[in-house]
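There are 4 protein chains.
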Amino acid sequence: MDIKALQAVLQDFADARGWDKFHGPKNLAMALSVEASELLEIFQWLSDDAASRIADDEVSKQHVAEELADVAIYLLRLADKVGVDLEASIQAKIIKNGEKYPAELVYGSAKKYTEY
Amino acid sequence: MDIKALQAVLQDFADARGWDKFHGPKNLAMALSVEASELLEIFQWLSDDAASRIADDEVSKQHVAEELADVAIYLLRLADKVGVDLEASIQAKIIKNGEKYPAELVYGSAKKYTEY
Amino acid sequence: MDIKALQAVLQDFADARGWDKFHGPKNLAMALSVEASELLEIFQWLSDDAASRIADDEVSKQHVAEELADVAIYLLRLADKVGVDLEASIQAKIIKNGEKYPAELVYGSAKKYTEY
Amino acid sequence: MDIKALQAVLQDFADARGWDKFHGPKNLAMALSVEASELLEIFQWLSDDAASRIADDEVSKQHVAEELADVAIYLLRLADKVGVDLEASIQAKIIKNGEKYPAELVYGSAKKYTEY
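Residue numbers (the working numbering), protein chains in the order written: chain A, 1 to 116; chain B, 1 to 116; chain C, 1 to 116; chain D, 1 to 116.
The hints are simulated quantities; they were obtained by calculation from the structure and are not laboratory data.
This structure is a prediction, so every number in the text was calculated from the model and none was measured.
Check the hints yourself; a few may be wrong.
One copy or two, it doesn't matter: identical chains are merged, so the pair holds either way.
Claimed, not checked - Straight-line distance between alpha carbons at most 27 Å, and here's what the computed BS3-like set of lysine-lysine pairs gives: (1) K4 to K21; (2) K111 to K93; (3) K21 to K61; (4) K100 to K112; (5) K112 to K61; (6) K96 to K4; (7) K21 to K112; (8) K21 to K111.
Bound-form chain A, shown alone (with noise of 0.2 Å):
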């Protein structure tokens, strides 16, 4: 995926509605957090087992897949509004995860690294 020729992409989108003037950072953390709901909702009432093969239904897969986009496309909104590398975001908070978290101190338990 080309982070930053889909955020040009959208860029380009919200510029031919007239939209930019509604996608400062605030407005765009907030449909992020509206569409992450969306997608909760999804699951919210299913079994850990019915959530789990929520993809053998193609409608439901479909869904979720239409959502995790939506979810997609605010996150590289609102990252190239802020001027976030997502990418470069990503892999130093995976390195970062790896030290909060050690394997051999947490394997098994999904305890805060506060609680520690």
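Fit chains B, C and D to the known structure of chain A by using the hints.
What follows is chains B, C and D alone, placed relative to chain A:
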């Protein structure tokens, strides 16, 4: 960004910590939503002006970058777990949004497509 | 619970701290959502069984109680700021939900009313 | 508002529909978060000015009232399921917040208590 490579790194990360059992789609959707809210929290009391200047302050920018990365990590992980091709989904969604929101119809308006 | 009395206490609390200027409906809706996610975070990696036993542990129960209170505080505050009578709205919504989801039709199913 | 009476009505509502099995604390915390986001969505593209005038429009005010009620319903239900006395928790939290944010120290600032 090579999405599949990143997803493989995240799978190894979870496996090394015995965390895969926690990473069902329902839990991952919750985690994604929780991280999106941590990002939102940064902006919650800021004026639109202050929010749009957030990257001027290095500490704040770094904080935003880390929360963006957390959202991205759970997004990549959830897409992987449900077998959704994230890049194809984003591209399909941009096309669909273009059809739902024709530029000439919606110019300068933030109304939802259901209101047209 | 005397809602109006609590809302007056919360208004005084904000006034005493010069916080009323931050408490527009948009910011309060963000804060409410952020607090709801902090509550959600408590349950995010728990099994359904462990979640249903959370109140057996006094520290966890206290944590849940505080996050529930945070959600309630912003809910009361937002209702006050937009002039909505919360109690009347709850009662009206229960009646409306009863019409959307007739007991005999939906028994034992978690489908959304739009699916019937 | 008689909280216990409302909680009993909501319990009967769930029982009559065979929904109690879906209403574990984890699912209710998800539902609460999803409803808080539906409320947030109303404000997402509004300016602070437009948001503060939302109740001037009867249709919008009714929409806000219904989403506030949905949040309240899941809040009451979750508090009931974990055995938390919501009113006592709110009062305890207001006192605790008063200690964390002394009026003379924080006047006019929206900083988090951890920053003082």
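Comparing the hints with the structure gives:
1. K4 to K21: within (21 Å within a copy, 34 Å between copies)
2. K111 to K93: both (18 Å within a copy, 25 Å between copies)
3. K21 to K61: Between copies only: 21 Å across, 33 Å inside.
4. K100 to K112: both (9 Å within a copy, 24 Å between copies)
5. K112 to K61: between (31 Å within a copy, 17 Å between copies)
6. K96 to K4: Both. Shortest intra-copy (24 Å) and inter-copy (21 Å) distances satisfy the 27 Å Cα cut-off.
7. K21 to K112: Between. Shortest inter-copy distance 16 Å satisfies the 27 Å Cα cut-off; intra-copy 39 Å does not.
8. K21 to K111: between (41 Å within a copy, 14 Å between copies)
Of the numbered hints stated above, none is contradicted by the structure.
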